[in-house]
Each structure stands twice: as structure tokens, then as C-alpha cells.
Amino acid sequence: MAYVFEAAGRRHDVVASKSADGVVLEIDGEVHSIDLRSFGDGEHTVRLNSVARRAWIAARGDTVFVQIDGEVWTVRRVDASSAAAGEGDAANIAKAPMPGTVVSVAVSPDEPVTKGQTLMVIESMKLQSAVAAWRDGAVAEVHLNEGDTFERDAPLVSLAPAEQ
Amino acid sequence: MRSEAFRQNYAAMAERVAEFRRKQEAARYERPKRDLDRLKRQDKLFVRDRIDLLLDPGTPFLELSSLAANAAYDGEVPSAGIISGIGIVNGREVILHADDGSVKGGAWYPLSVKKIIRTLDIAIENRLPVIHLCDSAGGFLPLQAHFFADRYYAGRIFRNQSILSKMGVPQVAIVLGHCTAGGAYVPALSDYAVIVRGTGAIFLGGPPLVKAATGEEVTVDELGGADLHTQVSGTADYPADTEQEAIALAREIVAQTTKARKTEIDWEEPEAPHYDPDELLGIISPDVKQQFDMREVIARVVDGSRFHEYQPAYGTTLVCGFARIWGYKVGILANNGVLFNDSSLKAGHFMQLCDRDGTPLVFLQNITGYMVGREYEARGISKDGAKMIMVQSGVRVPKFTVMCSGSFGAGNYGMAGRAYDPRFLFSWPQSQISVMGAEQAANVLAEVKIRQLAREGKTLTEAEIAEIREPLLKEYVEQGTAYHATSELWDDGMIDPRDTRNALGIAISASLNAPFGDPHYGVLRL
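Which chain is which? The protein sequence lines are F and R, in order.
Here numbering that gives the first Met the number 0 is used: position 47 in the first sequence is 46, and no number is missing along the way.
Here numbering that gives the first Met the number 0 is used: position 16 in the second sequence is 15, and no number is missing along the way.
It cannot be assumed that every hint is accurate.
[To be verified] Computed footprint of chain R on chain F; a stretch qualifies when at least three of its residues, placed anywhere within it, have a C-beta under 8 Å from a C-beta of chain R:
no.: 1; region: 94-106
no.: 2; region: 114-127
[Said to hold, decoys possible] Counterexamples of contact, computed for chain R against chain F with all Cβ distances above 12 Å:
no.: 3; residue: Tyr274
no.: 4; residue: Val287
no.: 5; residue: Lys288
no.: 6; residue: Leu338
no.: 7; residue: Ser404
no.: 8; residue: Ala437
These aren't lab readings, by the way, just hints derived from the structure by calculation.
In this text the structure is predicted, and so the values were computed from the model without any measurement.
All C-beta atoms in this analysis are idealised placements derived from N, C-alpha and C, irrespective of residue type, glycine included.
Looking at chain R on its own, in the form it has when it is part of the complex (with noise of 0.2 Å):
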């Protein structure tokens, strides 16, 4: 393993990741000090200060999409104003929503929507308790167009959380500082809510707005604070005199909720890989055009590096197998090349035992698409890659995604994408995701704009082409990046690598608090 091409994508690698790390460092913890100043002078917590008080010291906490944003509103609004993340909450499993007050005031920005729409589907899906966060000025009204009518939209997040009660999964609401507008049915739509004496306010409309609509002059407090809303509207159910005390009473409020049974899989006492995770950056390339050994890959992710191979001689594109993630027995998709139709076939074969199996599915892709050209049509590609879209659509356990390298066409749709509804998809930080390569898409691009300039009479010569080609590949790059697909949360997150097992760990467990329910599918064109 310690050839010279190890050693080379080792240490590019070993600079990717330490991008990344830089990268999601700064959205975690740099903030303009006036914003930090500010909490203080308010006398708030700085969230993720807030997270450590309510999650159990020594657990492990899988933080969901800290890079979202990363690549819009001018890098000004840090994993989107809005912390996600898998955590312990004296014993049990919950998914957490936090606003960042030392964010644009908390400010909810389209992509924060997204974000708490995604935290709360998240929650339906794997029936995770949520505990809210609340510390929030609002919609940034600027952009209300992107965020406020649509289905996805602002008005899901409070659709999502009633679905959740009715559902019966609990939801804690934490008031830190204020709910405002749609903020405040946060807290009014949780089943218990915790309101911070002077710093935690709830209204439909602020002060100014009141004045503004009626002209009454109210104070915050008296508008909508701690007592007002514990002694009479009750809006809020616990008054709390300090943030500590607040995040103290929800911990014990989680205690009173009942544990769910989680759904009993196949499990074994974990073993860590025989072959260490860290090997990984040797074997992956930053170029994504670099093929890699999937079965290299999986024996640094999953137990003792055991990986028994299904069909191991037939449609050796797409390597198929069974192993174990932390104790949790799992059926195993990897692309070692292109999808053709016995690959394909494959797939839908070892799905469907899985799927009966109650054996959850780990897609690990690096796919550049299904097989084109006449030979593989006339087999009927587009027939056999439809049967594995069918079955792995179709199945009941849960999916989980990983985005190893390329992620291209169909290939991404084949492999449990983010359209199929993966429990959870992660993408590694050299990763790229798009309809067809960069190369590829800027050229056909460009051919379209010189053949419609060549109807007009024009000719070009060769700089004019590249000067047309250039920024289309620029753009097309950029968009296919790792980083865009995590900004625009096209996935739950961007992982190192090396981590892969852990977030999968996480991840599985997590899903086992809903039930799979039985195996059923569409129809195969068979």
C-alpha cells in the first residue's frame, strides 16, 4: 500500500481535509466581534456553548451540514445561521435545531429554512425527538421570495413539526432569546417549551411592528416574555431566571418522555477495521477521473474489515456484500466503474435481499453513470438501470449515501442520491456531483453557442471558442464542488473521510427508532 501513488494521494488528500477542517473551524467558532459583543452585552450564550449544557458530557454529537451556506450570501451567514445535529440527551437519541444568535441576529436566510426543513424531516423519517433552539429575529425580509410561499418553504418547518406530534415524537422548545412571526410557533407548536426570563421573548410581532400596525407602545417583556407567557397566555410552559437553568429543565424534560423502542436489526459487538481509517487518503485520488479499489475503502469503514462479497464474479462493476458498521449488519453497494446491465441486475437482486432481510443499505458511490452506446441499448441498459431505480426506491429499510468521488448522471440517481430519500447522504470534500463531467457539459455547451452563432453567419476563431468554453467550465466546475453541493445541502454534510464509519455508526442507530415496515415494490420491467 505504500506505493509512490499512495504517498502522492496521501498528501494531497491530507490537504483537502485539512481544507476542510479550516473551513468548517471558522463556521463553527469566527464570528465579527461585534456580533460576539453583542451576546454579551445581552447576556447570552453563544450556541454552541448552549449545546454543550444540554447534550451528555462525553457522548458523541453528529453535527449535520456545518458547511451549508458555505458558498452563498457572500460566506456571511455560517452553516446557515442554524446549527443541526445528532446528539444524547440523558440517554436518548434527538436531533437538535439551534439558531445562531451571533449570526445576523439569528436571521433566517432561505438556506436556514432549508436547513430546519431538512433537521425536521430528518426527525419524521428516523422519529428522532427535536429539541428547538429558539433564538431567532426572523426571515431575512430581503429575500422573503426565496422562502416564504413555496412548499419547502418557512411554512413546512411548522407543518413538519404538527406532523411530528401527531406522529408522537416529542419536541422540547428552548426560548433563548426571541420567536418572532413564524419564530413563534416554534415553541407554540412543541409539546413542552422553556422560556429565559429577560432575554426570552414570543410574539407574532415585535414592538416596532405594533406600533407600527396599531400604535401601541409595548415593551418586549411585556409583549412577550417569560411571565407573561408562563402566568397567562401560555404560550410557554417552564419560566427559567438563567440560560443554565433553561437548558437544565429541558434536560429533565427529555427524561420524562418515554423511550422509544427502537427496531432490533442484526447487531454484534462492534470491532474497529483491521486496516486503519487513515489509510484512506492514500487510497483515494483528489482526481476524480483516478479509479480506486471500493473494496479498499470498505475494509477501513467497516468491522474487523470483514466484507463477505455477493456474486463477487458477476457485474464486477458494482462491488456487493455484506459487513458490519459498529456491530450493525449492513448490505453494501460500491461502484468500482461504470453501471452495465449485469451490474444493474445485480443491484436489484442484492437490494431485494436485503430489503427482505430487514438488512439496512450503505450506498458508496463513485459513479460516472450507466453504460451508453448502441450495444448496451439494444440490452436494454435503460430497461435494467430502471429495475434498480425501481427496487431501490422501493425498498423499506433504510439507505444510507456516501459520496466517495464522482457522482455523475443517472449513476447518482442508480446509487440512492439525495432525490431518493437516503436517511442520510455525506460527501467526502474532493467529491463532485453533477448531471455529466465538467469537461464534458462545458463542451456540449459551447458547441450549442457556436452552432447558433454559426446560423447568424459568424465564424469564430479558436481564442473566441475558448473564451466562451472557459467561464461555462469555470461555472460548471464551481457548481459541481463538494463544497457547493454541502452549501446548497444537497446532502447532510461534508465528512473526513476517515470518519465515514463513525457517521455511519451515528447514523444507522438513528434510523432504528422508526420502524421498517414490510417489503413491497413497483413493477419490474423485467
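Pulled out of the complex, with its shape left as it was, chain F reads as follows (with noise of 0.2 Å):
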């Protein structure tokens, strides 16, 4: 299996395959072999390229905290799809999903927002939903006003391009 993990700010590519003495893990492209022990209560002994050494283990969620040699090590699973990805779809423009009416307008032209931002209320067969932000940027144009109706792909806000 292969994962990425990252450990005091730095990224780690991590392929963890079996072999007759147990398990080697392939860390950034160099192999080490490895022994891992569990005495309870995250207690454990930790083999390493034939050093043993005393380890506490605790997890939480995707977040593994290694005590060893009275060091905390913080280790995280990085999602290995969301760790290649790139900046996504950067288009400037929020269209409309579906025909409908503008409920309200929650910015101006110029404004700061942040993402996740509530930028304009929709109604549309029946239901209210928030365009938010996509990303932090300054809206460029409110493409229209309260109570104004709209086409399915209708331009409803758009952000300034984002700065490189």
C-alpha cells in the first residue's frame, strides 16, 4: 500500500509492502525494514533497521502522535488524491445551477471575501441555497439584483482573477 504522510512539515511518500521478515516500508524512495510491537496502552516497541526503541502511539482521527526518546513526533495521513491535486477549477465566474430569483445579494463590487462566503441567496424550485465564495478573492461584479429572475447558467457573481 502506499500513503502519504506528513511529519513536521514536510511531505513523506510511504509504501508499506511485506517481506519474510516481516514488514518493509519504502520512506521517500529508501528501504527500511521495520518491527512494530504493542505492549497496550499505546505502548510499543518500534524495530528500525535492526535499532529497537520504546514508542508511545496515540491516534486521533488521521493524526498519530509517536513519543520517542522523549520527542513528540506529529505524523498525518494526507488523502494521496487530495495531495496531488492541483488549484482546481479557477474559473472567476459563479453561474447558476438552475433557473430561479435572486432572494439577496450579500456583497458589492470591490468587496473582500473569504471562502465560504455567502455571496447571494438563490430560490429555485422551492429551495433557497447560498452561493458561496470558491476561494478568497475581491468580487468583481454582482451580475444581478434582488428579486431579478435568471436562466440556468446565468453569470450571478464574479470574482477578480486571483493573483499569481
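Both chains are sitting in their own frames, so use the hints and assemble them into the complex.
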């Protein structure tokens, strides 16, 4: 299995595979043999390349806390697909998902917005939904006013192009 | 997440959930004093205590339809006088049907009959062994026209019992009170019947009816008591001196039955959601018009809040993807808006994938319907909606549906509403269900009336129009509430949104007692 972990601010690619004498980890291209034994209550012995050490391990969700020789390491498992994802859709404009009317407008041009912030509330097929900022930025244009009706794919709110 | 809207939703939803809890608590435990006194006089246990004795201590019990009949019979028949639910007895998953002798002497009302039939339908669909705790005065005669003769009326109870036996699904009856008239068939049709000496009795006609019919004077015990039936007639198998002994015997009997081999599906060690399910109350709005992102709901239901989204950029008003619930791999379909052509096609494709791979389906409904309008008809919205319904109806894998907010129109159908036989269907307390929104329906109905009067040459003032419209709106709103739905058994019970994960976990586990069969479908209009 292949994993991506983040520890001390750096990402590491880890591949785990079985070998005749236990588990082999390939960390960032380097091969290590590893053996982990649990004594309960988070206490473990970790044998890495024949050097054994005592470790205390606790996990919370995707984050694992490892204490070795009095030092605590925080290791976080990173979703492999999001680790490899790019910036995504860099669009500057929110378009209407379906025909409807504008219930309220929450922002005005030049206003700075943060990702997730409500820009506009629209109603369509009896449902009100918020059009949220899909990234941080500044409002370039609000294309419709309160009470306006619109067709599918009509522009609703534009953000100023993201600075490179 | 701690926005102003979140806090407002949380406060309002907490109130709605508290109201549900209050009503549920009352349905479970509040009884008129004379009924509780009568139980004591008869030396009978309260039905809840019987269930506690029956189930393995410390194991989960998923009570079904606890608020059945809450909006019927002036609220005097809590839980429709029947307790139904899935629990564990000697390590085996079983479903209970327990008559509540503290409600009208355990008489069966029309909704009691509906609830028993649904309980046995669940047993058939999921091959769940049944334990009947019998204590019923018989059918409530004044309403016999509403529970006796039709296809899904009382006869269906005994038909379902016979089908269960034919399928090899065991049934145990514990006779703790009277089993009169049709009720006599419940122990008679069970594989095993235990009867309590003194209080238990089985007869087609009780002493008063016998006297009226033939003039014969006979006591309850002589006519249908434990000794008669276990020593002479053979209608019951085991006599017991006390309820406690009877229930202990029933537990032993369940232990003798062969443990069913469950269907194996993809399972991993369960993991709690990363996001606290309690936050659901701040995400959902009590106002059905306010949309919320279903991914936020999914994150608070599934293991580790991990969700692999399928076709994240296509048909975005329907969120589809894979996740685990209590370790069981499931395919989730959740509404993030109205269903379009593309979202319907996505649904069909996704369900076929899950069906081929034997992955159960979970539907999270918040749906106002399929898109209407010329453009969409021209693109074939009816045809694409039909594909979704065709695939959804035809899948072999178990389906589970949760009414999260709105459930309107054909959207209810496409998303595995009650008519599509999801194995289990649960409703959140603030959810609403009807053929169209209340406002729209009231307007349509009022419009029809106004035109009718106009034809008779009458014109109406605004006030008169309101007078027609308001009562229609009120009635429509009442009939569209989750309380009305659960009262009528349009679901398998109302749940606290925060319990969704647990309810689904038990439901999925129960469903695996039945084999899935092979995938096959009807013809799709491509």
C-alpha cells in the first residue's frame, strides 16, 4: 500500500510491503525494515533497521502522535488524491445551477471575500441556496439584483482574477 | 462552522429534537394510572420490562415506529399499542412484535395491524427471526372495517407468519396475556409457543362469546389456559409459572435455533466520524426551504468522515459516492438540489455500479422534485427520471432511506421512498413529505375552488379567498409533517439526526441476514 504522510511540515511518500521477516517500508525511495510490537496502552517497541526503541503511540482520526526518546512527533496521513491535486477550477464566475430568482445579495463590488462566504442567496424549485465564494478573493461584479429572475448558466457573481 | 446561521439552526433544531424526545418518552412510558393498576392487579409486567428481560443486556435495540398512531385516535393509542424493534437475543439478531397490554388492553387498532404487518414484512425481507410477545384483547371492533378484510389488513399477519415458516425463519411466541380471535393464530402459527400459567390464554372466542354462541359456561383457564394448551390441545409447547420463566424459556429456545449465515459484504473495523454528529443540528435548517450541503451531513454519519465522491463534477445536484457506516461499505446518494437530466443519469449509473458489486445503497433525501419546464422536457427529463426509478426499483442490494428535510413529488420516488421497498426508512423530526410543497398545493386547491365559484357567477373578495385557502394550507401542512408520516407508518420511525449512523448500522447489519441474489433490471428507455 502507498501512503502520503506529513511530519514536521514535510510530506513523505511511504510504501508498505511484506517481506519474509516482517514489513518493509520504502520512505521517499529509501528502504527500511520495520517491526512494531504493542504492549497495550499505547506502549510499543519499534525496531527500525535492527535498532529497537520504545515508543508511545496515540491516534486521533488521521493524526498520529508518536513519542520516542522524550520527543513527540505528529504524523498526519494525507489523502493521496488531494496531495496530488492542483489548484482546481480557477474560474472567476459563479453561474446559476438552474433557473430561479435572487432572494438576497450579500456582497458588493470590490469587497474582499473568504472561501465559503455567502455571496448571494437564490431560490429555485422551492429551495433557497447560498452561492458561496469558491476561493478567497475580491468581488468583481454582482450580475443580478434582489428579485431578478435568471436562466440556467446565467452569471451570478464574479470574483477578480486570482493574483499569481 | 460556528457561524451565526449554524448557531440559529442549532438552537431551533435542538428544540425540535427535544420535542421529539418528549413525545417518544411519553409514548413509551406514560399511561393512564388505571391501566397500570390493572396490570399490577393481573400480576402482569409492563411491556417495556418484558423486552428488557428478553434482550441480551447491554446490546443495542433499534425500536421501530415508536410514534406510530401519534396523530390518530386522539393520541390515545401510543406506539399504536405495539412495540416493534430489532434486538439481540442470545447473540442472534431478532425482530420483536410486542402487544402493549397497558394500552386499551392490547386491542389492535387499524394502525396496530399495519405495524404488526410491517414488522413481519421486515422479518420476511431480511430473514429475521421473530419473537411475538402476545397480550391482546383482539381487534378493536368499532373500527373493524379498517383492519379486517383488505389485502394488507389483519389476515396478512397470519399469512406473513406462514410465509416466514415456509422460508425457514424461526418464530417464537410468548403468550403473556390473552390471544383472542385472530390473535390466537399468532402462537398457533409460531414454531415455538410458551404460555404463562394463570395469565396466558389462547382461544378463538373468549368466555362471553362462547356463552352467547352456545350457552356453555366456561372459565378462561378451562377454555384456553396454559395447562389445556400444553397438555391437551398442543397449541402451545412450554408452560411457565411466571412471565420471567416464560421469557427465560424463550431465550433458551432462540439459542436452539440455527444461527443464520449472513451475506458477506466489504467490511472494515469501524471508526467514529471525524466530525461530531452533534454538529448536524447546526447544519440542518428547520426551514425546509433552506438548502444545506449534504456532504456536511455525510461527514457526520460515515466512518472517519471519509467519502469517495463519484462524478464530483457531473450532475452536481445529486451527490454520489462511497463510504463506510459501522465498517460496512455503502454507496450514498444525497440530494444537493433538484434532480436534472444529468443528475438522474448519474444516479442510474452509480446504482448499477453498486448493485453489480454488492454494495448496499443509502439514500439521503432532501428533494423538491425533478426539474420542470420546456427546456428540460425537451431534453427528456421524464425519460431520464424513469431510468433512475427503473434502476432503483430493480437493484438487488438492500436500500436504506433517510428523510433529511424535504421529500416532494417524484423526487420521493426516485430517491427510494416508501413505495420502493427500502429495507428501512427513517425520518428526521423536521422533515416534510407531500406530493408538492404546502404553499403550492394550497394555491392550486384554492384556485380550483375559486374557478368553480366563478362559473356559478360568484366573485370572491381577498378575505373570502383567504378563508378558503387558509384551512387547506393548515390541513396540508399537518399532513405533510414527519409526525403525520410516522403516525401513518410511512416510515419505520422518527430518529434524532445524531442517531442516523447507529440506526443505519443496525439496519444494514439486519439486512445481511437475507441473500442479495443476482443483479438484473427492467428495460431502460435510453
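For each hint, the structure was consulted:
Here the region 94-106 of chain F counts 3 residues with a CB under 8 Å from a CB of chain R, which clears the bar of 3, and the coverage holds. Counting residues of the region 114-127 of chain F whose CB lies closer than 8 Å to any CB of chain R gives 6, which reaches the minimum of 3, so the coverage claim holds. The non-interface label for R:Tyr274 is inconsistent with chain F: the shortest C-beta to C-beta separation is roughly 9 Å, within 12 Å. Residue-level check failed: R:Val287 sits 8 Å from the nearest beta carbon of chain F, not beyond 12 Å.
The Cβ of R:Lys288 sits about 5 Å from the closest Cβ of chain F, inside the 12 Å cut-off, so the non-interface label is violated. At the 12 Å boundary, the C-beta of R:Leu338 falls inside the reach of chain F, the nearest C-beta of that chain being 10 Å off. Chain F draws R:Ser404 into its interface by the beta-carbon criterion, the shortest separation being 9 Å against a cut-off of 12 Å. For R:Ala437, the condition that its CB be more than 12 Å from all CB atoms of chain F is violated, with the nearest at approximately 10 Å.
Hint check: violations occur at hints 3, 4, 5, 6, 7 and 8; the rest are consistent with the structure.
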